[in-house]
Each structure stands twice: as structure tokens, then as C-alpha cells.
Amino acid sequence: MNLEAVAGEVSTALAAISGLRRPPWGVERITAPAAIIALPERIDYDGTYRRGSDHYPDLPVIVLVGKPNERTARKAVAAYADGSGAKSVKAAIEAHTYISCDSVRVAWAEFDTAKYAGTDYLAAIFHLDITGKGA
Amino acid sequence: MAYVHGQFTVITVATKDISPYCKTSSYEGSAEVHQTTGYGKTAHTKQGGLLDGKFSCGGTYDNTASTGPRNALKPLLGTTVTVTRKPEGTGTGRPLDTFSAVLSKYVETNPVDDMVTWSAEFDISDVVTTTTQP
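One line per chain: the protein sequences are A and B, in this order. All the letters of the first sequence, read from the start, carry residue numbers 1 to 135 under the working numbering. All the letters of the second sequence, read from the start, carry residue numbers 1 to 134 under the working numbering.
It should be emphasised that the hints constitute simulated quantities derived from the structure, not laboratory data. Treat the hints loosely; a few may be bogus.
BS3-like cross-link-like pairs, simulated, lysine-lysine; straight-line CA separation at most 25 Å [stated by the list, open to error]:
no., chain 1, residue 1, chain 2, residue 2
1, A, K87, A, K75
2, B, K54, B, K23
3, B, K74, A, K133
4, B, K86, B, K54
5, A, K133, B, K86
6, B, K86, B, K16
7, A, K133, B, K23
8, B, K74, B, K16
9, A, K90, A, K67
10, B, K16, B, K54
11, B, K16, A, K133
12, B, K74, B, K23
If we strip away everything but chain B, and leave its shape as in the complex, we get (with noise of 0.2 Å):
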């Protein structure tokens, strides 16, 4: 087991690498919680239901590339796309996430003493297929 850095991630969007204009990404997994509890318990009982998850990413906006999260995502708000992630980057035997997502928000925020930036949001659809890299 060993620590792993954030900056070797690889994120792709509808087969487009974004990689290079992200500075953060996040997966969020989570399911449902059914109550369970009969008469006569003393304490709750639960069961789980149906999984769910979230996922983000942002970063520094980029204005050249056919990548850049202009061109790569806005066209793409409100349809289901295929997104991956390679949370340990690229290499055998590390894990890719694949899973089909609805990107629900796309924001462009401009600082006046900055780089313009840009973030996402994606609401999963079915289930994150968990596999590891040829």
C-alpha cells in the first residue's frame, strides 16, 4: 500500500481528455438507506437500497485546445455522458472507474487577479463499473 498523488488522475468526458484543465475532482458514492425496524427492537435496523454518486471536477479554463472544458463539456449540459476515471492515473493493474453520468451544471468563474477557472457536475446514472487497467 503506498500514498498516491492526485496529480497523475485522469479524467475523460465523452472520450475527451480533460486531464490537463483539471485541478481538482471528486467521486461521490452513496445509496439509499431503508428503515428495517419491527416492533420490539430497541435500536434501528436498516437495510440498503438502491447506490447512487456524484462527480465533479474543475479547474483552469483553456480556450485552445478542442479538449478544453469549453468546448468539451458546455455542448454536452443536460445529456448523458460517458465519463472515466483513473484515480491512480494511467498503468496495469491500477483502477479505472467508468460510468454514464447526466452533467447537470457547467460554471465559468472569471477573478479579476486570476486565471478564469471552471467546474462541473455530473449525477450518475446506473452503476460505477470498477475495473483494473490492461
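Chain A extracted, bound-state conformation (with noise of 0.2 Å):
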């Protein structure tokens, strides 16, 4: 399971959400509403003899909305934080038919003010679970 692969396969399967922007990684700039593929917070490895699984038990995904206090970010992010409808990021994410990796789960959402390119957002963050082939 390549870490890449998967985030793009991620990256697709959100395209499927009409107005949600996927800035590359690293981008100066972001115009909100954008979904972010951060990094998981490990890997581990071995889930079955001789490399037959490795899992990422937290990739997140932030998607950031708009100004903290907007009345229209709190609408904005609800919808994407719905377990279903065109904005549900659960829905478009689990949607996905993936080749890099054998299952994607969006296993829980919380909600922040995030800062990114010293702008603050509201922000909805998906935390995925992912298991797939180790070798």
C-alpha cells in the first residue's frame, strides 16, 4: 500500500463532490471550500503473516470551509459532515471503487478552526481508516 497512491485514489473519490477544491500538497494557497490530505498519523505495518497487510488507522482529510464565525461555513460544514447527500464526504470517499488499497473507512469527524497560509477556516477534519496489501 503506497501512501501516494492512496491519497490520490482519495483526492479522486472527492472529486465527486461538485465545489470542493483538492489543492495539491503544500500550496501557498488554498480559496475555500478545500479538502486537505494530510498525512496519517502512522503506519502499521504487518497486520498478517509474510507482508500480507499494513493499515493506516488515521489518515485525516480537513476540509476547510470558510471564516470561523460565517454563519454560511457552519451550513457548509455540515453538509460535508453529512453521512450522505452530494456534499457527504463519508459518502463520496466510501463511494470509491479504490486499486491501491483494499478499504476505506471514514471512521469519525470533529470539527476545529484550522490556519493555513495564516487564514483561519472552520474545518471539518475525517479521520479515514485504511487497510491494504503490505507487499
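Now that you have both chains on their own, put them together as the hints suggest.
Spelled out as C-alpha cells, the structure:
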């Protein structure tokens, strides 16, 4: 399971959400709403014998929507956090058929204020549980 | 002598390598013990009898490969199969256990918040042949 390939496929899956930008890693400026695929908290190797499987227990996808105190930002983040629907991050990510890994599940989400390039955004952080082949 | 990590373990059932789907496995050898205590003794005396054994394994369910546990094991329930076990992995001089066993149980478990898992139990028939790998 290659991290870059998995992140690329998650980004492709998010393309199903109309209007959600997917800026490449490291860009200096973004325009909200935007989804940033961060690095996994850790990689658990050797889930089964003979390099059978590896596991990312927590790959964060951070969706930045707008100014933290704006009513429209709260409304937007709620739509992305919905478990289903056209804007649902969980639905979009889990609907994709992956070839870089075996299983992708959006396990949970949390909300926070995130700063990107000096600007504060209301953010929903989605935590992905990913399992795939080890070798 | 050295410690050996479990991740290199190799298991085949009916020639199919199920190792990539195994998280755990356990071999348990046992023997009958007969009482031979006679009158006048102050402690039991015993003698070993027939050998017996069980083998179990389990791990993460996989639906794509022909060697995945459902395809490889479920059709074999109740049949006698050849099992090989390399407890230290593949390598010259390392041990290889070979035995016949009846696949007596196959279990699939589907938790709502985790991967599907499987497990299997084998009752060993006849002796376990231990050799070293060439």
C-alpha cells in the first residue's frame, strides 16, 4: 500500500463533491472550500503474516470551509459532515472503488478552527481507517 | 538461539498459502497419559499413550484471491487436508511441520466497526512430521 497512491485515490473520490477544491500538498494559498489530505498518524505494518497487510489507522482529510464565525461556513461544514448526500465526504470517499488499497472507511469526524497560510478557517477533520496489501 | 518474530510464519492448507490472511495461529500437541500405579506405591506412576493435536489459525478476511480464507477453507469443512506450517518462516534449515487434519470449524466474524475476520480449527490426524527445510 503506497501512501501517495492512496492519497491520490482519496482525492479522486472527493472530486465527486461539486465545488470542493483539492489543492495539491504544500500550496501557499487555497480558496475555500478545500480538502487537504494530510499524512497518516502512523502506519501499522504486518497486520498479517508474510507482509500480507498494512493499516493506516488514521489518515486525516481536512475540509476548510470559510471564516469560523460565519453562518454560511457552519452550514457548509454540516453538509460535508453529513453521512449521506451530495456534499457528504464520507459518502464520496466510501463510494469510490479503490485499487491502491482494499478498504477505506471514514470512521469519525471532528470540528475545529484551522489556520492555513495565515488565514483561519472553520474545518471538519475526517479520520479515515484504511487497510491494504502489505507487499 | 534467537527470538523469532511471528510475522514470517507460513501456513498452507491443501497446498494453498493462506499466510497473507493470517494474524495468528496456534499448534497444540498433546498425548494421552495412562495410569500405571500399582499397589504399594506412594505416588502415581504414569505412561505416555497416543499422541494428538489441534491446530488453529485466523486473521483478516479477503474476498479477492482464490487463496482467501472463504474460498480456500470453507469448502473443506469436515474433510481431511494436508497442512504445512513453517513457524520460523521460509529458509534453509528452518523447521517445517506437515500433518493431516480434519477442518472441524470455520468462523467468519463481521464487526460493525472493523474488518471482517475469520478463524479455523483443525483436529490433527496421525503424527506431525517435522523436517528441516532444504
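The hints, checked one at a time:
For the suggested pair K87(A) and K75(A), the alpha carbons sit about 11 Å apart, so the restraint of at most 25 Å is met. Taking the CA atoms of K54(B) and K23(B), the gap is about 18 Å. The hint holds against a cut of 25 Å. This hinted pair checks out: K74(B) and K133(A) have alpha carbons roughly 22 Å apart, not beyond 25 Å. Restraint check for K86(B) and K54(B): the C-alpha separation of about 16 Å stays at or below 25 Å, so the hint holds.
At roughly 21 Å between alpha-carbon atoms, K133(A) and K86(B) fall within 25 Å of each other, so this suggested pair holds. Proposed proximity of K86(B) and K16(B) is supported: the alpha carbons are some 14 Å apart, at most 25 Å. With a C-alpha separation of about 13 Å, the suggested pair K133(A) and K23(B) falls inside the 25 Å cut-off, and the hint holds. At most 25 Å may separate the alpha-carbon atoms for a hinted pair to count; K74(B) and K16(B) meet this at roughly 13 Å.
Between K90(A) and K67(A) the alpha-carbon distance is near 23 Å, which keeps this suggested pair within the 25 Å criterion. At roughly 19 Å between alpha-carbon atoms, K16(B) and K54(B) fall within 25 Å of each other, so this suggested pair holds. Note on K16(B) and K133(A): the hinted pairing holds, with a Cα-Cα distance of about 18 Å set against a maximum of 25 Å. In summary, the hint linking K74(B) to K23(B) is supported, as the alpha carbons are separated by about 18 Å, within the 25 Å threshold.
In this structure, every one of the numbered hints holds.
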